[in-house]
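S.K.: Given the sequences, and given the hints that come with them, work out the whole structure.
Number of protein chains: 2
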Amino acid sequence: MGILHEESLGQVRPQEGSAAPEPNAPIAGKPSSGEDAKSGGLDSSRYGGELGPAGVILPEDLTRKVDFEKGGGVVPAVIQDAATGQVLMVGYMNRESLMETLASGRTVFFSRSRNRLWRKGEESGHVQLVRAIYLDCDADTLLIEVEQVGGAACHEGYVSCFFRQLTHEGLKVVGKKVFDPVSVYGKKA
Amino acid sequence: MGILHEESLGQVRPQEGSAAPEPNAPIAGKPSSGEDAKSGGLDSSRYGGELGPAGVILPEDLTRKVDFEKGGGVVPAVIQDAATGQVLMVGYMNRESLMETLASGRTVFFSRSRNRLWRKGEESGHVQLVRAIYLDCDADTLLIEVEQVGGAACHEGYVSCFFRQLTHEGLKVVGKKVFDPVSVYGKKA
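Top line first, the protein sequences correspond to chains A and B.
Going by this note's numbering, the first residue of the first sequence is number 1, and it counts up by one from there.
Going by this note's numbering, the first residue of the second sequence is number 1001, and it counts up by one from there.
Any given hint could be a false lead.
For each label pair, taking beta carbons as the anchor points, the in silico distance ranges come out as [claimed, not checked]: (1) A:V182 to B:G1071: 27 to 35 Å; (2) A:S111 to B:G1125: 35 to 43 Å; (3) B:S1183 to A:R112: 19 to 27 Å; (4) A:S183 to B:L1117: 25 to 33 Å; (5) A:R114 to B:E1069: 16 to 24 Å; (6) A:V182 to B:R1116: 43 to 51 Å; (7) A:R112 to B:A1083: 28 to 36 Å.
Source of the hints: derived by calculation from the structure; they are not laboratory data.
C-beta atoms are modelled at their ideal positions from N, C-alpha and C, and glycine is treated no differently.
M.R.: See the structure below:
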């Protein structure tokens, strides 16, 4: 049973004129061998901003492994708290937002309703620092482990957007509320 | 900050001619109050098959709270291992498959590629027993905690479909392989 096979991404591009890249700086988390995707991916390194040195795959190459076509240009990205394992939200990413996510180390989504990039936390300050990114077997869904700044992912003030449970007595709020949306966004959510 | 508000689902329907329902049988997990969606939802009860007694919300009513329209009739459902918190896969559900999921206590998806219901495990036997279902703030995404029979959710034999990590050295397999797809499905995945 093969663990830690590497899949080549084809040609590796040399470093191009970027602003002061640090050669050999750790710009991506390394997987731990022999562990499963969940526990193995939790490391303290972060996807960084600079272009890597020769021999390092650049974000543009990475995004080519993702099948954006099936979903009309976007893929769902499940956002999971790297420390607790709690699923915080699901957003959508197009190629541009994934590239910016990889480059900045913060989650950037594509808002389908607003039809533009949505830098998570741009209004609230509750950014998500990316710890690891996984791709599923069909290459059409992402799983991203993050550190959630501010402790809450949901614009309604809850830790997780999944704060309501379907029960046979109806929908029940079971989530933990961390902040008041009015105080953060200045309006009712 | 309100925890455990109940949202009424409108009228409650009396039990209709179902086969031998057990009155007051626990057919849905109850949320624990004051805990967050992740930890609070982990309980041992299961969504059951029978119709409930009068005063209990039926699956048909529950599905009305989900916004299937935005996604063209389907919503993504994040499947999480109830015991470990590992994200196993993302599937899609239409109203019919969600109703069958609620009624049977096993995940049933709508396969977009095959354009039909897909009862998870129908070929492999690796069914997913539903422990809790959550709805997100936009009501267009589900999070389902399950017990994964057979230990692996992915048809390629891995515990999780997210067995590959994006790293700056390329895509790396970091997941744990539990079975050989050829021996389970009789063909190469």
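S.K.: Which numbered hints does this structure break?
M.R.: 3 and 4
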